[in-house]
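J.: Residue-level listing of the chains:
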Amino acid sequence: MAEVMSTERNILFGLYDDEVKLLDAVKAANAAHLNIDEVYTPFPVHGLDPLLGLEESRLHIAGFIFGTIGCLFGFGFMTWVFTRDWPIIFGGKPYWSVPAFIPITFELTVLFAAVGMVLVFYIICGLGPGAEPRRLHDRITDDKFCIAFDATDLASGAVDDLKGYFSKTGAESVHSKMVPA
Amino acid sequence: MENFVFSSRAKTVTGGLALIGLVLLVASYFVDGGEGHHMRFWTNLLHNSVFFIGISFMACFAYAAFTTAYAGWFVQFKRVWEAFGMFLLPGLFLMGVIIVGLWTGAHHMYHWNDAEAVATDAILKHKSAFLNPVWYTGATIGFMGLWYFFISRIRQISIDEDKNGTTAYEHHARIKKYAAPFLIILGFTTAAVIWQWIMSLDAHWYSTMFAWYASASLFVAMTALTIMLLIYLKSRGYFPGINAEHFHDLGKYLFAISIFWTYVWFSQFMLIWYGNVGEETIYFRTRMDNYPVLFWGNLLLNFIAPFFILMRNDTKRKFGTLFFASAIVFFGHWFDFFNMIKPAARETLTHMTHDAGGHGDEEHATMDAAGHGDDHAAADDGHATASHDDGHAAEGHGDDHAAAGHGEGHESTRVFLPYKAGYTIPGLLEIGIFLGFLGGFLFFVLSMLTKAPLEPKKDPYFEESLHHHT
Chain A
87 MAEVMSTERN ILFGLYDDEV KLLDAVKAAN AAHLNIDEVY TPFPVHGLDP LLGLEESRLH
147 IAGFIFGTIG CLFGFGFMTW VFTRDWPIIF GGKPYWSVPA FIPITFELTV LFAAVGMVLV
207 FYIICGLGPG AEPRRLHDRI TDDKFCIAFD ATDLASGAVD DLKGYFSKTG AESVHSKMVP
267 A
Chain B
5 MENFVFSSRA KTVTGGLALI GLVLLVASYF VDGGEGHHMR FWTNLLHNSV FFIGISFMAC
65 FAYAAFTTAY AGWFVQFKRV WEAFGMFLLP GLFLMGVIIV GLWTGAHHMY HWNDAEAVAT
125 DAILKHKSAF LNPVWYTGAT IGFMGLWYFF ISRIRQISID EDKNGTTAYE HHARIKKYAA
185 PFLIILGFTT AAVIWQWIMS LDAHWYSTMF AWYASASLFV AMTALTIMLL IYLKSRGYFP
245 GINAEHFHDL GKYLFAISIF WTYVWFSQFM LIWYGNVGEE TIYFRTRMDN YPVLFWGNLL
305 LNFIAPFFIL MRNDTKRKFG TLFFASAIVF FGHWFDFFNM IKPAARETLT HMTHDAGGHG
365 DEEHATMDAA GHGDDHAAAD DGHATASHDD GHAAEGHGDD HAAAGHGEGH ESTRVFLPYK
425 AGYTIPGLLE IGIFLGFLGG FLFFVLSMLT KAPLEPKKDP YFEESLHHHT
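Protein sequence lines correspond, in order, to chains A and B.
For the first sequence, counting from 1, position 96 maps to 182 in the numbering used here; every step adds exactly one.
For the second sequence, counting from 1, position 353 maps to 357 in the numbering used here; every step adds exactly one.
Hints are supplied without guarantee of correctness; some may be wrong.
To be verified - Residues from chain B shown here face chain A by an in silico Cβ test under 8 Å; the list is partial: (1) THR266; (2) TRP269; (3) PHE273; (4) MET274; (5) TRP277; (6) TYR278; (7) ASN280; (8) HIS473.
Honestly, the hints are just simulated from the structure, not real lab data.
Glycine included, every Cβ here is placed at the ideal spot set by N, Cα and C.
With the rest of the complex left out, here is chain B:
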């Protein structure tokens, strides 16, 4: 079997999905009356861009890690991961749109980009050395460009190996020389960009586990998509050498990293909860109170479901069950990112609408008490001093007030927000945009696969991959 042939039916399906997704994305610009600088549109764009860039990034990571570790079993389908990695270029374009929005003020997702808020907010001012448009732009373009340089060089050498590869395997040695430093670069830069892209949506909040958490999430999503794509390609008659053994190993990755994700999911909570880091509990408080479907559904989709489906040996070896589990966790980790992004965006939205509107609002007052007092209090002369103090106490900045603030204000500081389409749970628009991005991603990946022979027959590990046995 030589190159992949992108059938017109597959083109219609993936391209059609991408087109529908684009239409829905544009539609989401106009829903909610463009509330909060079209917050719903921008967060949908950010959510899906980051999710698919992350998948592409994780494919690079797996590729570099396996190559450096002398792994042979994955070599048969390494073109698929190379193709995933090439999506970084369109991904950079998508992030470019968000960067343009950042500079022109077209969106207001990032509270730290509001110069007025930063000027009066000690926390934001303190963080502004890192959370600023220059860093955001530089990190996004610089780091993604660096990743793209490495993966495109690796792909170039890998494809050249098919034509000019020798038994001395000097191509493989060259790929290794790129893969090893690439691994280090990926390890450090991913944390920096994920803090910028997603964690800073909760501008006051931070968690040392966040980069791990997002990375684990993306690794599972990448493995799930790889499994589903390989099952599709096998059903079309490609990859005759890939059998239940390879899927068994991919299934183990899916299972193991799902458990790792759960470990990090819990640890992020545990460190804050058990360490009495009161000011950081806000992330969980808002999500548990107002987004129980997101918060607990996340655990159901990404831990309970894969844990029980994939625990048995044979479910990892059967295409049906493996595809089913992959589809669940693939959606599950998209859902996980929804949980990271949307509640944070809604909070920013709440502040924006209240800034524009009246001050005597009950919801606003309770929000302040819940620990957001200092966002507004200084600029907000309409607020009672008591409310301001409460806010500080709950945040744990006023040391002498902290204990009292925690004790007396426990029940009264909880805020219950009403249901809001596109924020509380993913709406039809969000699902449609997700499928659209998926279609676009697959269209790109499948077109990339047509450009080089699917099986790297001259890779030194190709033979080992054929005889892989778990």
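Same shape as in the complex, but just chain A:
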């Protein structure tokens, strides 16, 4: 790849109509040492991650950090409000009534963790308002399971091998598409 970098990639992908077929096809690809580029499914498929050798998501670390921030923020804010800014006596309780803060602290922890994780997820995946959706095939978001290979630099013999693999593992249809790199 010493020459000019290609700005587009040629993706060869097959669509399956069943998750069991998909799992079997991924196993077959692993056995044949085929280099799967990506797998797209309309919903999380159990047992797919270990087959693809994916690492555990690190999203929950972000969740923990945001949760901790929410916890400290909620508790700190209430402490500031009720001891410094605007102390009010509620039901004869002390100004700094910790037990009364617990439910709100808990809720802010959950809120920060949830919203923070969604934001991080959107940023990592390039999603969000105004983002151009990048999908290979519309029905992947509906009822089809997709295995995709990067065929940009493949010789025609290798592409035929992949097509043979798709028909052998029961793919419903095989497509090829140029996508931005």
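With chain A held as given, fit chain B onto it using these hints.
T.: Showing chain B alone in chain A's frame:
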């Protein structure tokens, strides 16, 4: 793999522990000079009996709930929960000992069983329709008998399925017919017996959250014991089909119900504290002032530890960390029951010794002011009227005095009790008796496991359980 083989080594260990526990239990009868009708012995017996009966009960509950909910993942180890459930019969025997003690006056754990105290005490008199030996006996024997009937029928059908099960799965349908009503029965009866067995130790106190609180505690303990037993059985080569996926789900239960327990633990406090239910604060006041190790240690063991250990995904999938977390919360919830039972028993003990002894005691006077005035005041001519009135005011019965009582008496009403072996924190005797009961429970459960094939191969959900994936 067919039936479980109870190795002689396992027999020696569990049986030996049970024997040591029995010796220590008998020893606890004689320590403290048999103070308060052998209070230490009786509370230890009650504590451990209720704890292990509760585990057995919760296994029935989980079994019935999962079966009714079409759950399949747990089916591989359902024999373990069936075996847990069968412990209700020895449990009934243990409660029988306490019932005999109740009728013969051999123990004095329950203040409401003291006819003299009830006669002069408006609160106890009011509660006596429910808190009386007849109800206690009837509820214990009746409800436990009912539970035992259901679980033994379910186990019987389940074992018969192994021999005569067909592809029509009519055994499973029959189990379901027992499981669904069993669920309703368990839901209502458990609250009634837990009020009788434990909450009524604080005879004047009540909390609407108590049954939830104790149930959550027992559910965590049951899950923890299941995890530890399954890890042991797997290490012996049983249950080849149980893998990290099943432990992951059990770990999630351990984690989730620990959080639920904390929620209830806090809510019980919150409802009383924020609702200004002054007369019920006594439960927390005594425990926070005199049993800080129990009260806060409880939160450390049962919330902080499992929360941080089990939060990560992988700690629920590794046997080492999961076993470690289970051991902590298993002990933790035993500790939780210790916290419910012992401080209450000690308070009863304090009243008993003061009734027998002198009246001018400072501790007694302050105890009265803390809200126990009406236990004694009427029968107690040695008391000053002022102290009597204070007691009422703090309890919130004398409406016009309530505000004043709260305001002026705040610091002076706090009672600090000295350390007392076997009450302030669990002593060596208590730990030993706990291990003894654990040994006895495991001996019973493992013997039950030898009686039927470990894996219910003809259960309709068995195959699903093998392929379980979280």
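J.: Just to be careful: measuring from the Cβ of B/TYR278 to every Cβ in chain A, is the smallest value less than 8 Å?
T.: Cβ of B/TYR278 sits 6 Å from chain A, so the hint holds.
J.: Tell me if the interface restraint on B/THR266 is satisfied: Cβ within less than 8 Å of some Cβ in chain A.
T.: violated (10 Å)
J.: Would the stated hint for B/TRP269 survive a check requiring a Cβ distance to chain A of less than 8 Å?
T.: violated (11 Å)
J.: Taking 8 Å as the limit, does the beta-carbon of B/TRP277 come near enough to a beta-carbon in chain A?
T.: holds (6 Å)
J.: Taking 8 Å as the limit, does the beta-carbon of B/MET274 come near enough to a beta-carbon in chain A?
T.: B/MET274 check passes; min Cβ-Cβ to chain A is 6 Å, inside 8 Å.
J.: Given a cut of 8 Å on the nearest C-beta pair, is the interface hint for B/PHE273 held or broken against chain A?
T.: Holds. Min distance 7 Å.
J.: Next item in the hint list is B/HIS473. Is there a CB on chain A closer than 8 Å to its CB?
T.: holds (4 Å)
J.: Given a cut of 8 Å on the nearest C-beta pair, is the interface hint for B/ASN280 held or broken against chain A?
T.: For B/ASN280, the interface hint holds, since the closest Cβ of chain A sits about 6 Å away, which is under 8 Å.
Comparing the model with each earlier hint shows violations of hints 1, 2; every other hint is respected.
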